[in-house]
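**Student:** Given chain L, put chain A in place with the hints provided.
2 protein chains.
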Amino acid sequence: MKTDIQIARESELRPISDIAEQLGIAPEKVEPYGRFMAKVPVSLIDEERVKKSRLILVTAISPTKVGIGKTTVSIGLAMGLNKIGKKASVSLREPSLGPCFGMKGGAAGGGYAQVLPMEKINLHFTGDFHAVTSAHNTISALLDNYLYQHRKDGFSLREIYWKRVLDVNDRALRNIVTGLRGDGVVSETGFDITPASELMAILCLATSEDDLRRRIENILLGITSDGKPFRVRDLGVGGAITVLMRDALSPNLVQTTEQTPAFIHGGPFANIAHGCSSVMATKMAMTFSDYVVTEAGFGADLGAEKFFNIKCRKAGLQPQLVVIVATTQGLKMHGGVALDHIKEPNADGLREGLKNLNRHINNMQGFGQPVIVTLNRFDSDTDEEIDIIRKNCEDRGVGFAVNEAFLKGGDGAVELAQKVVDTIERIQPLPINFTYPQSETIEGKIEKVCKRIYGAAAVEFTKTGKKRLEAIREIFADDKDISSYPICIAKTQYSFSADATRYGSPEGFTIRIRDVILNCGSEMIVAIAGDMLRMPGLPKSPQAERITIVNGEIEGLS
Amino acid sequence: MKTDIQIARESELRPISDIAEQLGIAPEKVEPYGRFMAKVPVSLIDEERVKKSRLILVTAISPTKVGIGKTTVSIGLAMGLNKIGKKASVSLREPSLGPCFGMKGGAAGGGYAQVLPMEKINLHFTGDFHAVTSAHNTISALLDNYLYQHRKDGFSLREIYWKRVLDVNDRALRNIVTGLRGDGVVSETGFDITPASELMAILCLATSEDDLRRRIENILLGITSDGKPFRVRDLGVGGAITVLMRDALSPNLVQTTEQTPAFIHGGPFANIAHGCSSVMATKMAMTFSDYVVTEAGFGADLGAEKFFNIKCRKAGLQPQLVVIVATTQGLKMHGGVALDHIKEPNADGLREGLKNLNRHINNMQGFGQPVIVTLNRFDSDTDEEIDIIRKNCEDRGVGFAVNEAFLKGGDGAVELAQKVVDTIERIQPLPINFTYPQSETIEGKIEKVCKRIYGAAAVEFTKTGKKRLEAIREIFADDKDISSYPICIAKTQYSFSADATRYGSPEGFTIRIRDVILNCGSEMIVAIAGDMLRMPGLPKSPQAERITIVNGEIEGLS
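Sequence order for the protein chains is L and A. For the first sequence, counting from 1, position 136 maps to 137 in the working numbering; every step adds exactly one. For the second sequence, counting from 1, position 263 maps to 264 in the working numbering; every step adds exactly one.
Hints are computed from structural coordinates only; laboratory data are not their basis. Hints should not be assumed to be uniformly reliable.
Since the list gives no way to pick out one identical chain from another, each pair is judged satisfied if it fits inside one copy or across any two copies.
Below, computed lysine-lysine pairings styled on DSS-like, alpha-carbon distance capped at 27 Å [claimed, not checked]:
no., residue 1, residue 2
1, Lys3, Lys53
2, Lys105, Lys53
3, Lys84, Lys409
4, Lys541, Lys153
5, Lys53, Lys66
6, Lys449, Lys356
7, Lys84, Lys229
8, Lys229, Lys468
9, Lys121, Lys30
10, Lys105, Lys229
11, Lys153, Lys105
12, Lys315, Lys449
13, Lys229, Lys541
14, Lys356, Lys452
15, Lys66, Lys3
Quick caveat, the model's predicted, so the values are computed rather than measured.
Looking at chain L on its own, in the form it has when it is part of the complex (with noise of 0.2 Å):
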């Protein structure tokens, strides 16, 4: 077979004023980046448009080391309802450098369900993650600023939550210290990635324009020496902030490689922070097409999770059906199987590893969603052990297709477009039955995500945790803004409980918080699981010694 990268260059584009077109926009409303990427202005979005569409949420088992191909499959999912004539387009996050040049690679689907111009998407693109960075890095500046040409008159934080981000791997800058030398005020402090920047989960967040400085404005900073919150607003800019973050806001539209439109915008990690795609992409596509796939990053008991409570929650948005993701590998290493033996078949290992698929499933089902499980099919996968998996899922009243896009593009998807299609057509979803109502404490929310959605026995908060908790209770007490805040949990993707090593279903485990920080401008709280890290390392040996060009053509970011 091909390699990704040279089914992406095979690959017919079409100008990006055409896709817009099909999707029924006027091709001069949109902002051209180049010949194949174009912002789509936000007020274009149609509310009674939105209401209309049908949302369709694609997630995944557990990941292991072994991918499962989401991306793929959402990708695949959008072309193959096109197959059957139906209009529909793909809502995606748009890949950080961090792990493009260090673990993963691009991220930007596989094989012949991929989002074109690939290289453009998972290196600059349009430049939103440039602008959250920059005006992430320009709040803090302003901030250190103001600590220094004011410390004469007396004025003080005595605690600092706003850190500085970079979109790169770099462990160096998770603890520094700054302002040395008389250059400033000295801080204790450190850099996390510009995907869980506040600002980034901020651009996914907002409705308009106006919301985004509502948001930026109400940043918590820190809290002063005299027990008053510092915000955005009290540095006076807002607004200077708003116009660095203002064009990052429009959602951006590409193809996939078979120009099916595509919106990708905002990048969220799940792990450390909500992981989904801007409500402004989601909204875009709904707008103008009948079925929209979208994301959500990593294992359901993450993304998903967030999908709901705070996506779906904040934005109003109801979806039809949730699509759970699989592979033979996956769920053998989730099943007890060593990774040196998952492309052999294996029985037991497979029914093994097939309780973590059922307790995802639960947890979807639990949101009032009708559920379908698609395997994505590698070559080494037997019709045996495909049989094992679909017998579990009719056991529980559950669809079940097979997914061949990688393979086959929206051809190889037909049979779960289908399967889609039929099941949104005869069952009407629940409304979102969340996991904790808005007015729940803020460890009462922790507790029910934890108990309810990952299986834990117990939740624990640590010194620290402890100290943060008791801070936002006792300056915000009165606020009925924060109290109605969802959570955001960090926590590992390779498991259910806070143990990254706890493949499978595990249980009984206690799940440990050791942070808990107050976002006002994303309006959520978020708890930090174990020790889960906002900044990532490299590996020995990073990407970026693979990535180069070769005549002309770059390699090395499939």
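**Tutor:** Just chain A, lined up with the frame of chain L:
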């Protein structure tokens, strides 16, 4: 008079494809970034046509606290040349977000001589600065990771030259410690501002994609414990970094308030870097225009010196003429008039200030160039004052013209444009008389610039400066390339000396070199004079406080 931003908004913009066509570039050859910006592929540069085009350098007297308006004059002159029937374009540097949100505001000209769309140009533009930032910090992360991953193999660097960069004014990042709490190797390091990145200089000096790659591979990151150079090529990531910088190499095409083509590309500052727009942009402009106006940063002691000794020497460019911009207010400040009196006529102060202008005239003539002085006229200027300056120039056989492009656009620069054309047609400039030969020693090169251009009485090296110089000499003793590198002195823009308070025409001073940095990618030796910082700070009331959106329009960027 209308504000800059009002004029910018009222200016009619032509589609960028029309501007390309007007130059003779087929519209389908350019990459659009929105409707009014485009990248022009470097493959379109034609060296034969470059040789036939006439390059004009705009430089200035030493800046003071009052602005001089060099960019406005450069834009005005290009528009004036078009008014008198010449095919002219302008080649400028891209603004940096640091000063834009810090002290200075935008940098896209002013009044009726602006480049547009000014909000885009002043903000993220086509992402070139972000690409430099991203590529630079990716190298940093890969280097720190290499040190971390190989620390047990006994690998270490005894000197690390590579820091990090951000395009923001952030004094707290000047001196930092990274890698704390066991995450990575602890380092004393810091951030420079992006315009000081060696990659920015590389972007501006590279002559092709292959040359970009070659320069990136050569970047010297540090010295190993056994005294060997350690370069990007030793990390094995030259290809990956080139991939990040590839799109940035193509010059950006925009237009002036009178639809004159403007190539805006690259943005090193002239005080802490080499201060010239890219070679690619200048050559692209020269390929498609008969006259090209370009600008070098700050006063002629900084930008113009580096323009000749670095940019023109390395790119083989032969300029035809130098325009030196002066203002009555700037000259009066150089003549010792206090800031709150500079709008009042003061013939004696003005005459005294002419000493600053005349030293710059001598320096530019020393390069073998015909010189024209232009007065950037302000409302408060009197005829008597203008006559004093005119007389001064006539006495020296130097052309003089009043420039009113700020108030009148191209019409206000017709006198200057005509004089420029007449002079170019009349006088054949001498081949550039470089300040030092390539074969000179590093100290010799530094001394020649300090004495011949700055007028210093002596040059001293601090202990660190000496140590660095000796290290370079020892490790690279046999490197013929390095011994041919030009030098790039980082020095305050406000004075011929390294003391920012010494306006006018100081004499008898000593320049102290406190650091010497070997840039093997940009192929220059950076010498830091006095207390120059490569990361600016913010003032008590930064410009960011005045940047905002009112009724959908951005305010505060001009």
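**Student:** Now tell me, hint by hint, if it's right for this structure.
**Tutor:** Hint-by-hint comparison with the structure:
1. Lys3 <-> Lys53: neither (39 Å within a copy, 48 Å between copies)
2. Lys105 <-> Lys53: neither (37 Å within a copy, 50 Å between copies)
3. Lys84 <-> Lys409: within (12 Å within a copy, 60 Å between copies)
4. Lys541 <-> Lys153: Between. Shortest inter-copy distance 12 Å satisfies the 27 Å Cα cut-off; intra-copy 47 Å does not.
5. Lys53 <-> Lys66: neither (39 Å within a copy, 60 Å between copies)
6. Lys449 <-> Lys356: within (21 Å within a copy, 77 Å between copies)
7. Lys84 <-> Lys229: neither (58 Å within a copy, 60 Å between copies)
8. Lys229 <-> Lys468: Within one copy only: 17 Å inside a chain, 50 Å across chains, cut-off 27 Å.
9. Lys121 <-> Lys30: both (22 Å within a copy, 18 Å between copies)
10. Lys105 <-> Lys229: neither (42 Å within a copy, 32 Å between copies)
11. Lys153 <-> Lys105: Answer is between; shortest inter-copy Cα gap is 25 Å, intra-copy 48 Å.
12. Lys315 <-> Lys449: within (19 Å within a copy, 66 Å between copies)
13. Lys229 <-> Lys541: Between copies only: 22 Å across, 45 Å inside.
14. Lys356 <-> Lys452: within (17 Å within a copy, 79 Å between copies)
15. Lys66 <-> Lys3: within (23 Å within a copy, 62 Å between copies)
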